[in-house]
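> Given chain A's structure and the hints, the job is docking chain B onto it.
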Amino acid sequence: MAVDSVRRLVDRGVSQPLPTQHISKFERLNSRELDAVDLLSDESPYFDSYEFDGQTRTYSEFEFTTEPLFGSPKSAIGVLEYREESNFIFLVLDQDTPKPDTIFDELRENAGDQFPVQGDFSPTYENICDFIRAADHVVKVNTPTTKDDPVTRISEGANLPIELARLRFDYEENSKIITYSDGQLTIPLPERENSLLQSLSEQASLREYVIQTFEMAFHE
Amino acid sequence: MSFISRSRCRLREFCGIGHSEICAELSPRQTLPGQNDVLLLQPEGGFLLKIVPTSDKKYDGEIRFKVQDPFEIRNQSRPEIVDWDYNQQKLQFNEVDERSEVLMKAVLPEKFRGEASACISAIDCTENITVGRLPMKSDPPVSNG
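Taken in sequence, the protein lines are chains A and B. Heads up, the first sequence is in the numbering used here, so the first residue is 1 and it goes up one at a time. Heads up, the second sequence is in the numbering used here, so the first residue is 1001 and it goes up one at a time.
Isolated chain B, as found in the complex:
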């Protein structure tokens, strides 16, 4: 594991996010100007979930996403060793032994379009521990005259 990954794990433990068999990092693909750590939804926005096992053991487990209503999480694509359950908002990892990256997106359904803020939590279901968070903001409604 790289120094950066170890640092992130220690930082999470220090901040009280919890200890898990994995490190998780949620990287937004679109951000607001000047707010590089906030995912921008227009009305959806992609993010990359990176999972790194913290030990030599292979990781078999589930990551569940939790967001405030009416936001929801969808998968864009995934490695073959990862399954996605849309109804449970859950990723299933099968024997991950190195970094695994999954392309996800957060969506604000069209009928709720408007300016709103929320936070995505990624929860390791085995330990019921939050292993990553990502704040997000949907853009103001676009005026079409």
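Pulled out of the complex, with its shape left as it was, chain A reads as follows:
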């Protein structure tokens, strides 16, 4: 299943193009660009509108080749999604290795100022709990700090440290359970006839609805 790992660019509000040339262990394959269309106004139970309506969404498919100390090199194909106004970057991989941190670290070291990715993703408890409150249904949340029912406490406005949240989001006729844990989103994609790049870069989809909700909950 495809997993999104989240980061921000260091310079917020400064539009940066995704790196285009071959850098280090990255080989850029295909890319796609489109404008975000507000999906929240008519559907979201929590947010009245979408703040980043019209922003450019850029998707860049790449091949990443690891160079292990022992054994032969291994390659993985993934997609980097960059959202120009909110400055969020989503790294989408549908395999376990290499780890997202490995790819982000490589990007940080080699793209440098051209595409300054933050070292880690450090949201506030309020960000995460806003995202939970914006779901259509809360299936489960794990918190290390309270024995009281965390779902009730969050619905009443408390902001708790959350290690894992399983949430149901409904968009039009679609309904999916997604998982948030430690800067990673697991969003089921429809059965794929197309490439990962094409599946991710649809104009309107449940995934795009979840991503817009995420941007609203987590933006600073």
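Hints are supplied without guarantee of correctness; some may be wrong.
Computed beta-carbon distance windows for the label pairs [to be verified]: (1) B:Ile1129 <-> A:Glu43: 44 to 54 Å; (2) B:Ile1081 <-> A:Glu109: 30 to 40 Å; (3) A:Thr65 <-> B:Pro1070: 13 to 23 Å; (4) A:Gln114 <-> B:Ile1129: 37 to 47 Å; (5) A:Leu29 <-> B:Thr1054: 54 to 64 Å; (6) B:Cys1119 <-> A:Pro116: 28 to 38 Å; (7) B:Cys1119 <-> A:Gln114: 29 to 39 Å; (8) B:Pro1135 <-> A:Ser31: 14 to 24 Å.
Calculated directly from the structure, the hints in this document are not laboratory data. Beta carbons: idealized from backbone N, C-alpha and C, even for Gly.
This is chain B only, laid out in the frame that chain A set:
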């Protein structure tokens, strides 16, 4: 402040860890069987940092994490009154007047995967005093055939 918290502070002073305006406790979220005080990394492991001011004064200060290379510390999430500087490996607390809990994690980068032991030190930057420690162990490499 609770009796348990006061005891922890006194214990730290007795052990020579130092005196600070705060008590800090690092609680591992994953541990090795039979070693409940050792953080298990596979290849990362979460821990909860609990900060309690030792007086009625609000705490404004910084906690810096120190670990042996190539381990590093990352933040998972934080209260609104706490900021995190990844490059400095430092938490900034702004007017904390009661218990404050921050979800952190220790990471062993993928290319260094293997069995290793290390210790996380939490240092109060104002007094340059170690206010908490947590031993950790990364798991042996997983054989994938």
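> For every hint, state whether the structure bears it out.
Now the hints, each set against the structure:
A hinted range of 44 to 54 Å for the beta carbons of B:Ile1129 and A:Glu43 is consistent with their spacing of about 52 Å. Checked against the given bound of 30 to 40 Å, the beta carbons of B:Ile1081 and A:Glu109, roughly 32 Å apart, stay inside it. Distance hint check: the CB atoms of A:Thr65 and B:Pro1070 are about 21 Å apart, consistent with the given range 13 to 23 Å. The hinted window of 37 to 47 Å between A:Gln114 and B:Ile1129 holds, with their beta carbons roughly 41 Å apart.
At roughly 56 Å, the beta carbons of A:Leu29 and B:Thr1054 sit within the given window of 54 to 64 Å. Checked against the hint of 28 to 38 Å, the pair B:Cys1119 and A:Pro116 passes, with Cβ atoms roughly 32 Å apart. Taking the beta carbon of each, B:Cys1119 and A:Gln114 are about 37 Å apart, inside 29 to 39 Å as hinted. Distance hint for B:Pro1135 and A:Ser31: a CB-CB separation of about 46 Å, inconsistent with the stated range 14 to 24 Å.
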